[in-house]
Each structure stands twice: as structure tokens, then as C-alpha cells.
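Peer 1: Residues per chain, in single letters:
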Amino acid sequence: MATKSDRASAHTQPHIVAQIEKAPTGICGLDDITAGGLPKGRTTIFCGGPGSGKTMLGIEFLVRGASEFNEPGVLLAFEESPEEIARNVASLGFDLNDLAAKKKLYLDYISIDPGQIQETGDYDLEGLFIRIQHAVEAVHAKRVMLDTIEALFSNFSNQRILRAELRRLFSWLKQRGLTTVVTTERGEGTLTREGLEEYVSDCVVLLDHRVKDQISVRRIRIVKYRGTQHGMDEYPFLIDENGMSILPVSALQLRHKASNERVTSGIPALDEMMEGQGFYRGSSVLISGTAGTGKTTLAAAFADATCRRGERCLFIGFEESPAQVARNLRPVGLSLDHWTQQQLLIHEAWRPTQFGLEMHLLRIHKLVEKWKPASVIIDPVSNLLTGTSQLEASSTMMRLVDFLKSAGATAMFVDLTSRDSDLEGTKIGISSLADTWILLRDVELNGERNRCIYVLKSRGMAHSNQVREFVIAKDGIDLIPAYVGLEGVLTGSARVAQQAKELADATSREQEIQLKRQQANRKLLALEAQIAVLKAEAAAQAELSEQIARQGSERAEQARLDQEKMLKSRRAAGSRQPARPISLREAKP
Amino acid sequence: MRKAANRDSAKPEFLLRLYVAGQTPKSLAAISNLKKICSEYLGGRYKIEVVDLLKNPALAKDHQILAIPTLVRQVPVPLRKIIGDLSNTEQVLVGLDVRSFAGANRAGGKAPVDGKRTAR
Chain A
3 MATKSDRASA
13 HTQPHIVAQI
23 EKAPTGICGL
33 DDITAGGLPK
43 GRTTIFCGGP
53 GSGKTMLGIE
63 FLVRGASEFN
73 EPGVLLAFEE
83 SPEEIARNVA
93 SLGFDLNDLA
103 AKKKLYLDYI
113 SIDPGQIQET
123 GDYDLEGLFI
133 RIQHAVEAVH
143 AKRVMLDTIE
153 ALFSNFSNQR
163 ILRAELRRLF
173 SWLKQRGLTT
183 VVTTERGEGT
193 LTREGLEEYV
203 SDCVVLLDHR
213 VKDQISVRRI
223 RIVKYRGTQH
233 GMDEYPFLID
243 ENGMSILPVS
253 ALQLRHKASN
263 ERVTSGIPAL
273 DEMMEGQGFY
283 RGSSVLISGT
293 AGTGKTTLAA
303 AFADATCRRG
313 ERCLFIGFEE
323 SPAQVARNLR
333 PVGLSLDHWT
343 QQQLLIHEAW
353 RPTQFGLEMH
363 LLRIHKLVEK
373 WKPASVIIDP
383 VSNLLTGTSQ
393 LEASSTMMRL
403 VDFLKSAGAT
413 AMFVDLTSRD
423 SDLEGTKIGI
433 SSLADTWILL
443 RDVELNGERN
453 RCIYVLKSRG
463 MAHSNQVREF
473 VIAKDGIDLI
483 PAYVGLEGVL
493 TGSARVAQQA
503 KELADATSRE
513 QEIQLKRQQA
523 NRKLLALEAQ
533 IAVLKAEAAA
543 QAELSEQIAR
553 QGSERAEQAR
563 LDQEKMLKSR
573 RAAGSRQPAR
583 PISLREAKP
Chain B
-11 MRKAANRDSA
-1 KPEFLLRLYV
9 AGQTPKSLAA
19 ISNLKKICSE
29 YLGGRYKIEV
39 VDLLKNPALA
49 KDHQILAIPT
59 LVRQVPVPLR
69 KIIGDLSNTE
79 QVLVGLDVRS
89 FAGANRAGGK
99 APVDGKRTAR
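Protein chains in written order, with the working numbering: chain A, 3 to 591; chain B, -11 to 108.
Be aware that a few hints might be false.
Said to hold, decoys possible - The calculated label-pair distances, taken between Cβ atoms and stated as ranges, are: (1) B:Val82 x A:Glu200: 32 to 38 Å; (2) A:Arg169 x B:Leu67: 18 to 24 Å; (3) A:Ser203 x B:Lys43: 32 to 38 Å; (4) A:Trp174 x B:Gln79: 25 to 31 Å; (5) A:Ala166 x B:Gln11: 20 to 26 Å; (6) A:Glu200 x B:Gln11: 31 to 37 Å; (7) A:Trp174 x B:Lys43: 15 to 21 Å.
Simulated from the structure, these hints should not be mistaken for lab results.
All residues carry an ideal CB built from backbone N, CA and C; glycine is no exception.
Isolated chain A, as found in the complex (with noise of 0.2 Å):
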């Protein structure tokens, strides 16, 4: 289906050049898938079962044509009259009365009462043809919808007329340049039941209304269209109160804006595992987890915290009803009800097996082009999954997440991961679609379980490694840091006895080393008393020593005086020499 999609997206790229003139429907997706619309001036055939959706989708070709492109247009019904028809399409919301009375749709009918006609001889149709060139002229009408000209088969019962004067019809019609619808029942084992595809060779779309696993879905496919290149695959449609809308594949391409600006995922602490800034507007983010790890109460938060900012939320849930989940947040401090009064949060729900996948995609695709969402969630998009091929899975998620990005929305998908599966290897596969995976778990540790969460990725941001624990309480949702240790991580009253455990570890650390402390300073207080009795010691020899020095220089002082007093005391019994000092030099020679 992936490589399918690619193929059909090559189709509608922009270098296709459209080498036919086209007439577009305005009606979602079909332009898409016939890169512009039908085949101007020619004639298209849709063929289908009954109740496969093909007048509906031929008027709501005219009256976009009239409303929406100045192409007033012609409506002759075989089958049902014009009030019928009216009654019929005004749930669709298109007004056939107020066209016609605007002169911009002509409508016609034809009965037809086989019992009346009696023939005899050669005749041909040339009073549908005047007809129907009094209507076009009558609104200048340049679009036409023959519903269901096979009617005329049980008209006329000359089958060599009948065909021959077809034939003349759809080449008559080509002339004047009118784009014509023409709605036929389809055949066994062909596309229309009499073979018109034979006379229409431009264009033929074939609708189908099937049923798959008691799912009904309607599909579109275009069969041919001669002179341009078309979407191949069958997409799904959908009828409702605004007409027809196909999902078209390929429109979704890679081409989305990124935005700097984050947004909370409304849990602080998971915001600080994200470098407290939250998620980035418009990424896509997977909550995946194995049953009753919270998911639903994240997304919840998450909506909580959308709301809060006055932007709207879509919140689509495959699992609970609306007043289930509200009532269930209410415990743990979440109250949504007020935002669903507000509008701001649009909760919707419907059981996965109410459609099939297609129409799960339509819906969501219409119910975000309606509100207009900053966020989305989807809970739980595995369970909207199951029972598909991997390959149809990936393919929708891919194209749902492509969707939602190109729609500027915050994403956010929860998906449920079975006990026993890898938890890290989602089943849908879409681990790499997603932006930022935040992944919950349940740690079953000494006879208790509890939750733990942590940010696997998250793309554009230097996101935390920690693991922590996910707790739900009264209050709200918080966040603690869980013990991760050799036995692994430690959570509940594990971790609180580890926390108890490390913090006598602790205690009983401090004492040992306040201890040995202890003991060093009084060695150093021991050692300083003996630095001090040593210190008195050295300080009293220094005493001493100078004592001594003192006691010598008094004794040499006391002796030159002695020898000073006896050279008076000479020099006084008469001296001949006159009085000096004797040097110790003068006298040695």
C-alpha cells in the first residue's frame, strides 16, 4: 500500500503538465485524484451499483459547477423527478430549487412510461436532443448530468435506435463543448450494464459500495481518463452533510512547516525531561505502554494543558466513551467537562470496528478540518490497527501522521503494547514516524507494580536519559526520579527503602569520618603542646648562650681597663716615652 501510495502521489505532482482542458468538481479530493477535475467538454461516466453514491456525486458536480466555477448546468433525471431529487440532495446541503430559480441549473424530467408507447417505424431521438439543447440554451448551461440514461433502454425497445442514437447523443454533446455526466448501473461483469463505456471513452469513474468484515465502505476509482494522468488506487469517500469527500493518498506529501515553538505536554516534570520546554507545535508524539500504565491520563494532561491555553483539542477515543474517561480523570484532579462545554476540547468517540480503516481516516480527516485542532489525540491508535496487515497499518499511520503535521496540529497517538511484545518495536510501526516516543512501563518488583516513563526520542532536542517514576496521585500526575541500580530500576517502596538504605549508608559514613577527625586533631593539639615545650627549651639555651656571650665581653672590658689603670699607674713613676697606647702590632717587632 506504501509503495502504491508513492506511485499514485507521482501521478498528482505538479509536474504533471494537464494536457487536456478540465473542468474542476470542487468536491474534496476528487480534483486531487484527476489532477483538476473532469474532462471540460466531454463526457465522464459514472458507473456504480445502486446506492453506491453516483447522482449524488453528478449534482454535486453541477451545483459546485453553478456555485462555485459560473458553470451553470443541466440536471435531466430519468429516474426520479426534480422535487425528489431536491428532497433527496437538501440534506447535502445544496439548495437545487434556489439554483434554478437563479438561472443557474436547468431541471429536467424525464418519465418514462413504457406501457403508453406503441412503435411503429423508423423514429429517432431527436426530442431528447432538442431538449436538452433547450435547456442548456435556457441557462447557458455548460454543464450537463444525464441521470441515469439507462432508463431509456425500457423505453424504447428498438435497441438498433436506441445505440445508434446514443452514439449521436455523446458526440452531439461533445460538439457543443458541454462537460457531461452520465450516471449508468453497473453491469455484470462490465462497467455499465448496457455497454455505454463503448460510446464514452473519456473519462469513466467507478464508484462501489461494499461490504468488508460487516464494514461498509464506498470507494471511488477512476477507470480511465484518456489524456492525462490520474490517481490509479481506490480511494474511500464518504457523504455527508457537506457533500462527498475523498481521501485522497496522494495529496499528502512531505511538505509540512516545522515549528520552533514548543508546547507542555501539561506535566511539568516531563516538560524537564524536555529541556523544560515540552513538546515542539506540531510534531507527532507516541505514548506507548502496556495496559494501565496511564497513557490515557498523559493524553488527558495533555489536552488539560491545550485547553488551558484556549486553543481546541480533538480527542478521539476508540476505547471509552466521552463521559467514561471524564469521569475517571476526575480522580486524579483532571477536569475536562468544562473544556467540552467550551468547545475547546471535542471529544469524540466510536468503536474501531464501527468502519473500516479508510473511513477512520476520513472521519478524523473531517472532524480536523472542521475544529481546526492545535492538538490531536488519538486513543489508542493500535486499537484502531488491529486485525490490518502490517503493511496497511504503517501505511495509515503514516498518512495519518503526514495529515495531522500538514494540518499543524500536535499529535499525540497512545498506543497500547502487549506484556509480551518488545516494548520498544511497536506493532503499527509508526516509532519512526513519530517525533518524540515517550515510552511508560510497569516495574513489578516485590509485590508491587508501578509505572515508570521515560523519552526514548525526541527529535530537535537534548531530551533527558533518566528514567523516572510516572505516579498518579490525587493531585495530578508527577514525575520522581526513580533509583536505577545494578538489580535494575527500583520504584515504589523499593525505592523508598534504597532511598532509606543510602541514607543511613550516609549517616554512618559522616560518623566514621567525623571520628577519625576527632582523632586527628587531638594528635595535632598533642603534637602542638610538645612543639611548645620544646620551643620554652630552645628559648631559654638561646637565654643562656647569651648570657654567656654577655658574661665574656664583660670580663675583656674588665681586663683593658685593668691594663689601662696599669699603664697609668707606670707612666706615673716617670715615662720618657710619651703616652700612648701600645698596639699589639707595634709591639710584636
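Position chain B against the provided structure of chain A, taking the given hints into account.
Peer 2: This is chain B only, laid out in the frame that chain A set:
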């Protein structure tokens, strides 16, 4: 619209309208065949209108005309349609349900049975 024949303007028993589109061979054949059949089987109790849809295309809607030529028996009711160039007289008479009327008139030379008249 033109009157092709009106021999008893007071009360035509058969009011017939022939739809054609221009002067095509089929139209011309139908007109001449119709005149022949009427004069032969209906005496003076009929009135024929020929409507050319090329001139009055809006009239095609009145009698739900698709095939050309189409002969519509407006009176007596119920409305009956015969398409084709009216080349098979037998089929035209069956289609117009003329036999019973004509037969009754020819046999008794009187007006048709009351019941059929009041059906008008």
C-alpha cells in the same frame, strides 16, 4: 402549430398531436401517413395538430417527447403515444385504439357508447 384537418370543429372525437422536428423525411412520412389513416378510419371526427419542436422546443416537456416523430392521442383519454413514422397502419390503429370507436360508429352510425364518452 398548424391545423392539418378539422372537418368537425364542434366536437372532434379524436384530438391528435403529432410532434416533429423540422421537415425531415421521417416527419413528412409521418404526417402523410397520419392524414391517410385518419381520413380512412376516423371520418370527420378528428383534429390533428402538428407541433414542430424546432420552433417550440419548450412543448417537448408537455408530453415527455423524446422520440421523433411521436403521435399523441390527447382525446379520448387515456393519453396514448405512438412513435415512429406511422408506416404500419395496423399498429397505428392498435395504438390509437381506433378499432372499437370506428367499428361502433360504422356499424350503428351513432355516437360511441356513453361510458367511453364520459371517460373524457
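Peer 1: Taking the beta carbons of A:Ser203 and B:Lys43, is their distance inside 32 to 38 Å?
Peer 2: 35 Å, holds
Peer 1: Evaluate the given range 31 to 37 Å for the C-beta pair formed by A:Glu200 and B:Gln11.
Peer 2: 33 Å, holds
Peer 1: At the C-beta level, are A:Trp174 and B:Lys43 separated by a distance inside 15 to 21 Å?
Peer 2: 20 Å Cβ-Cβ, so the 15 to 21 Å window holds.
Peer 1: I want to verify a distance hint. Is the separation of the beta carbons of A:Arg169 and B:Leu67 within 18 to 24 Å?
Peer 2: 30 Å, violated
Peer 1: Honestly, do A:Trp174 and B:Gln79 meet the 25 to 31 Å range at C-beta?
Peer 2: 29 Å, holds
Peer 1: Can the suggested window of 32 to 38 Å be confirmed for the beta-carbon pair B:Val82 and A:Glu200?
Peer 2: 35 Å, holds
Peer 1: Can the suggested window of 20 to 26 Å be confirmed for the beta-carbon pair A:Ala166 and B:Gln11?
Peer 2: Between A:Ala166 and B:Gln11, where Cβ atoms are some 21 Å apart, the hint holds.
In summary, the one numbered hint that this structure violates is 2.
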